[in-house]
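Build the full structure now, drawing on both the sequences and the hints.
Just so you know, the sequences run in chain order A and B. Heads up: the first sequence at position 230 corresponds to 230 in the working numbering, and the numbers run straight through without jumps. Heads up: the second sequence at position 18 corresponds to 18 in the working numbering, and the numbers run straight through without jumps.
If you are wondering where the hints come from, they were derived from the structure by calculation, not from laboratory data. Small disclaimer: the values here were computed from a predicted structure and weren't measured. Beta carbons: idealized from backbone N, C-alpha and C, even for Gly. What you were told as hints is all true, and nothing was included just to trick you.
Derived CB-CB ranges, DEER-like:
| # | chain 1 | residue 1 | chain 2 | residue 2 | range |
| --- | --- | --- | --- | --- | --- |
| 1 | B | D208 | A | L138 | 53 to 63 Å |
| 2 | A | T157 | B | F8 | 51 to 61 Å |
| 3 | A | L131 | B | F8 | 52 to 62 Å |
| 4 | A | T294 | B | R163 | 15 to 25 Å |
| 5 | B | P21 | A | T294 | 24 to 34 Å |
| 6 | B | A207 | A | V172 | 48 to 58 Å |
Not close to chain A: a few residues of chain B, all C-beta gaps over 10 Å, as computed:
| # | residue |
| --- | --- |
| 7 | A20 |
| 8 | L23 |
| 9 | A24 |
| 10 | G62 |
| 11 | D203 |
| 12 | W293 |
| 13 | A330 |
| 14 | F374 |
| 15 | G379 |
| 16 | P385 |
| 17 | V423 |
| 18 | R494 |
| 19 | V502 |
| 20 | L509 |
| 21 | A534 |
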Amino acid sequence: MTGMSGGAEAWPALLPEALLLLGAVGGLLLGLWTPQRRQWRVRLLVTAACLASAAAAALALPGPAERVFEGTWVVDPTTGVVRIVVALGVAVLVWMAAPSVAGHPRETEAYVLMLLGGLGTVALAASGDLLLLVAAYLLTSVPLYALAGFAKDPRGTEATMKYYLMGAFVGVLLLVGVAALVLASGTTGYVDLAALLPGASPALLAVGVLGVLAGVAFKAGAVPVHFWVPDVTAGTTPPMAAYITTIPKIGAVAAAFRLLAEPFAGLPLDVPMLVAVIAAVSMTLGNLAAFAQTDVLRLLAYSTISQVGYLLMVVAVASRSDLAVSALAVYLAGYAITNIGAFAAVAATPAARTITDWATAVARHRWLVMSLVVCLLGLVGTPPTAVFVGKLAVFVAAWDGALAWLVVVAAVNTVASLFYYLRWIAPAFAGVPAAPVTAEGPVRTGPRTAAGTAQEVRGTPAVILHAAAVGSVLLGVGAGVWLSVASGAD
Amino acid sequence: MLLTVVVFLPLLAAGVLVAAPGLAGRAAIGLWVAASAVDLLLVGWMWWRFEPGTGASGVVDGLAYEVDLQWIPTVDAGYHIGVDGLSLPLLALTGVLFLACAVYSLREPDRPRTYAALFLFLQSACLGTFASLDLILFFVFFDLTIVGMYFVIAGWGHGDARRSALKFFLYTFIGSLALLVGFIGLFLGSEERTFDMVALAADPPLADSPLAGGLVLLAIGLGLAVKTPLFPFHTWLPDAHTDAPAAGSAVLAGILLKLGTYGFVRIAMPILPDAWQRWAMVAVIVGVISVLWGAFVALAQTDVKRMIAYTSVNHMGYVLLGLGAAGLVASADEGARTVATVGAMYQMVSHGLLTGALFLLSGWFWSHGHTYAFDRWGGLARPAPVFAACLAVAAFGSLGLPGFSGFIAEFQVFTGALQATPVATVIAVVGILVTAGLFLLALQRLLTGDTTVPSAEPEDGGESVRPEEEPARAGRAVATTVRPPTATRIRDLRGHETASIVPLLALALVLGLLPRVLLDVLEPAAAAVVELVAR
Chain A
1 MTGMSGGAEA
11 WPALLPEALL
21 LLGAVGGLLL
31 GLWTPQRRQW
41 RVRLLVTAAC
51 LASAAAAALA
61 LPGPAERVFE
71 GTWVVDPTTG
81 VVRIVVALGV
91 AVLVWMAAPS
101 VAGHPRETEA
111 YVLMLLGGLG
121 TVALAASGDL
131 LLLVAAYLLT
141 SVPLYALAGF
151 AKDPRGTEAT
161 MKYYLMGAFV
171 GVLLLVGVAA
181 LVLASGTTGY
191 VDLAALLPGA
201 SPALLAVGVL
211 GVLAGVAFKA
221 GAVPVHFWVP
231 DVTAGTTPPM
241 AAYITTIPKI
251 GAVAAAFRLL
261 AEPFAGLPLD
271 VPMLVAVIAA
281 VSMTLGNLAA
291 FAQTDVLRLL
301 AYSTISQVGY
311 LLMVVAVASR
321 SDLAVSALAV
331 YLAGYAITNI
341 GAFAAVAATP
351 AARTITDWAT
361 AVARHRWLVM
371 SLVVCLLGLV
381 GTPPTAVFVG
391 KLAVFVAAWD
401 GALAWLVVVA
411 AVNTVASLFY
421 YLRWIAPAFA
431 GVPAAPVTAE
441 GPVRTGPRTA
451 AGTAQEVRGT
461 PAVILHAAAV
471 GSVLLGVGAG
481 VWLSVASGAD
Chain B
1 MLLTVVVFLP
11 LLAAGVLVAA
21 PGLAGRAAIG
31 LWVAASAVDL
41 LLVGWMWWRF
51 EPGTGASGVV
61 DGLAYEVDLQ
71 WIPTVDAGYH
81 IGVDGLSLPL
91 LALTGVLFLA
101 CAVYSLREPD
111 RPRTYAALFL
121 FLQSACLGTF
131 ASLDLILFFV
141 FFDLTIVGMY
151 FVIAGWGHGD
161 ARRSALKFFL
171 YTFIGSLALL
181 VGFIGLFLGS
191 EERTFDMVAL
201 AADPPLADSP
211 LAGGLVLLAI
221 GLGLAVKTPL
231 FPFHTWLPDA
241 HTDAPAAGSA
251 VLAGILLKLG
261 TYGFVRIAMP
271 ILPDAWQRWA
281 MVAVIVGVIS
291 VLWGAFVALA
301 QTDVKRMIAY
311 TSVNHMGYVL
321 LGLGAAGLVA
331 SADEGARTVA
341 TVGAMYQMVS
351 HGLLTGALFL
361 LSGWFWSHGH
371 TYAFDRWGGL
381 ARPAPVFAAC
391 LAVAAFGSLG
401 LPGFSGFIAE
411 FQVFTGALQA
421 TPVATVIAVV
431 GILVTAGLFL
441 LALQRLLTGD
451 TTVPSAEPED
461 GGESVRPEEE
471 PARAGRAVAT
481 TVRPPTATRI
491 RDLRGHETAS
501 IVPLLALALV
511 LGLLPRVLLD
521 VLEPAAAAVV
531 ELVAR
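This is how it looks when you write it as structure tokens:
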């Protein structure tokens with residue numbers, strides 16, 4: 001399992017990360033020498049870096065699992081999946097953000113920060129060492145604070161403040177946890193921790209486990225450190241909200257998965273049960289809070305909290321079920337596609353904040369509604385979308401890991417989630433035909449027509465929404481192919 | 001391969017409809033009719049080539065038109081479809097009923113293109129469910145039928161359609177998730193870890209752990225009971241039916257309810273034989289309660305469509321009675337249990353045809369008076385003789401008059417179940433009497449006496465004529481619209497409506513007079529199921 005190696009010969013293993021870093025630095029430099037209205041060049045460069053990184057990661061997938069740089073950096077199928085999903089996700093999100101940041105004085109910075117956040121996410125997923133975990137935590141946090149407040153409006157500033165304070169506070173918890181674990185074992189590498197921790201003092205272990213899990217739970221947006229999610233999501237612009245609720249979550253869940261599978265696997269504490277409870281509470285609270293939302297961004301924010309609950313189910317059984325790795329691979333990819341799609345629907349109509357506004361804004365765009373329906377039903381887990389396959393795999397893995405009760409809780413929650421997704425789908429679907437039939441028939445220039453034309457629908461996010469809907473179905477139908485790619489040589 | 005074409009041809013047509021925004025409404029419906037007709041022809045061809053009972057009889061082997069492809073290898077879920085004596089009649093029923101709905105909707109004024117696309121999508125989902133031989137594939141199609149029907153009710157329903165659609169979606173979605181949990185239980189309980197129905201039925205999982213087997217059966221049974229629907233999970237049904245458009249109701253009652261009962265025969269009985277035997281009495285009791293509950297509540301309705309909806313609960317109760325009796329291995333011989341199973345299967349087909357026809361007929365009430373209330377209608381036999389005749393035939397068929405398919409079905413259910421559970425069977429016969437009474441009462445109220453029709457203005461504030469329909473109708477039917485609302489205003493069934501309803505009734509009659517057509521296909525498969533249950 002571990003071809004431990006250090007030094008220069010390990011560099012090729014980090015090619016995907018190096019390409020991301022290269023893209024960030026190159027983008028920054030290119031941005032400096034590019035006129036304001038030609039900043040799209042930076043966008044192209046950043047996209048190219050992401051695609052190259054994804055391609056490099058895909059090529060590296062079938063290779064053997066290894067730990068490089070003295071075991072701090074783990075390259076295995078899970079890392080590979082995160083690399084691909086994050087790189088592609090950032091590439092898409094850069095384009096989604098383009099209409100809202102184009103022409104902005106700091107356009108380049110936005111793209112570069114997005115890239116750096118993606119790099120931090122990959123580091124989070126790949127870290128095989130507590131200190132790298134802390135570094136990755138900071139690298140995924142700091143660029144995101146800047147991105148959350150990018151618009152510099154009051155809402156955005158408030159959101160950033162909240163995000164930053166919460167992040168700093170949880171960062172301290174994480175450090176305390178890491179310190180406790182180091183104190184208990186005298187080492188930071190996962191492999192050594194796995195061997196030494198089972199014999200340590202339970203009190204120290206409890207502090208350590210709670211602190212470290214709080215850190216990853218914050219990045220994942222799970223209960224009880226989820227309070228920033230709705231405020232940041234609703235406060236920032238839709239593309240940034242999509243970024244913040246998609247990209248770091250992927251890395252955080254993968255990091256939690258690795259923690260549970262390796263250092264926390266043999267502890268005298270029941271860590272899987274703790275994660276299972278966090279999962280159950282996350283999905284339940286997320287769903288209950290989403291019920292009453294009329295703001296589409298807040299609704300989606302709570303939906304991401306509940307989605308993390310399902311993702312954490314598979315984390316809970318990381319060390320107990322052989323099916324967990326593949327379940328994580330398919331759910332992460334499905335979640336990323338579907339969630340980006342749902343946010344793209346909001347980004348396509350920047351003026352519409354509430355469900356009713358949105359339904360009115362897209363009254364003339366039937367295809368948008370249709371793609372949104374696919375994405376939202378995808379988030380519910382309706383077959384044959386990708387999240388359905390992910391949910392199925394997660395349910396199977398959780399039950400296989402002796403958490404049948406959690407499967408029942410998740411199934412009940414899935415029904416509950418349907419309710420609020422339908423609250424969005426129903427007016428959007430019914431509003432579409434209502435417009436031509438009631439307002440257009442005899443009177444051509446009704447007030448509705450004026451309102452309809454006043455609402456612009458942005459092209460790029462709309463294309464992303466369609467692509468996400470198609471991708472979600474394709475990934476669901478082609479789940480077998482994706483799984484055989486993602487499992488690599490395992 | 002042929003089966004794949006049958007399943008996905010409607011979906012392809014739906015894709016064409018969605019992708020062609022310029023298509024006129026009539027052309028869209030024309031494409032729908034054509035696609036459904038071709039699909040029915042293909043099913044007919046399959047039936048023609050299908051040779052029941054030669055050697056293996058179905059369920060675990062001898063499946064025709066089988067396709068088995070890998071889908072999600074880590075959990076061994078695949079695209080496995082095939083046809084046997086259980087699924088072929090229901091595939092044919094799906095083809096027939098959807099074609100009838102297509103013909104019935106020829107003049108659909110409200111967004112006909114989307115409407116046709118939705119129904120075609122729904123048809124693919126229904127055909128896929130019946131053809132599936134893999135639990136996950138079954139679940140995929142099963143869920144898609146819910147999604148499709150939700151949009152049909154929410155988009156084209158009347159009254160409180162949004163609420164009814166939501167209720168329908170939530171109830172059946174809960175059911176489908178219970179089903180999924182049960183399926184995962186089967187997967188994890190099986191020796192070789194597979195979702196393949198054939199493999200699971202050949203080597204039943206959880207045979208040595210009665211508690212786990214019982215719980216898994218509970219989850220699956222719950223999921224299917226919501227869909228069927230059985231008492232006490234039937235409360236979504238009357239609302240969904242009342243507010244759905246006529247064709248939607250026909251599909252909902254005729255096909256979608258069968259997904260539930262079909263699931264019992266295809267999944268619960270062969271894959272969990274031990275648990276089914278143990279809990280067969282529960283199925284019998286729930287079946288009998290549904291029979292009586294459906295019948296008596298239907299008797300109390302003041303709304304035609306709600307009444308028909310409740311008779312569905314009653315009719316599905318007979319199916320469960322038959323299937324439950326098939327599980328009472330100790331108290332009945334194999335012959336009796338086979339007869340009960342055959343009767344249950346026959347009832348599925350028969351109910352699909354007759355109730356489908358009844359719901360299509362109920363659309364006439366809405367299009368003429370925007371109300372289904374019994375007290376607003378009367379003496380319709382005089383102004384609308386064809387309608388009255390069709391309604392009478394459908395009602396008599398539905399109450400189980402000899403000569404119609406319903407009689408063959410119910411007769412076999414009772415004959416088969418009598419030996420196993422005499423008391424329950426005798427109680428269930430009361431249901432027949434009540435149903436007969438309520439249908440006769442309904443016919444008497446609606447068709448005989450002085451002609452009364454609702455006044456021209458619908459009092460519920462709904463729009464009687466949609467704006468864009470107005471000019472088209474004005475030219476054609478100006479003579480009828482300007483007349484005062486008297487009895488002569490009422491128009492009989494239109495040509496396409498008659499053309500959609502009469503074949504359904506004719507088929508019910510054929511199956512009542514020549515039952516061997518269907519029995520030849522059903523019997524070997526039913527015998528195989530009974531044999532598998534008795535393991």
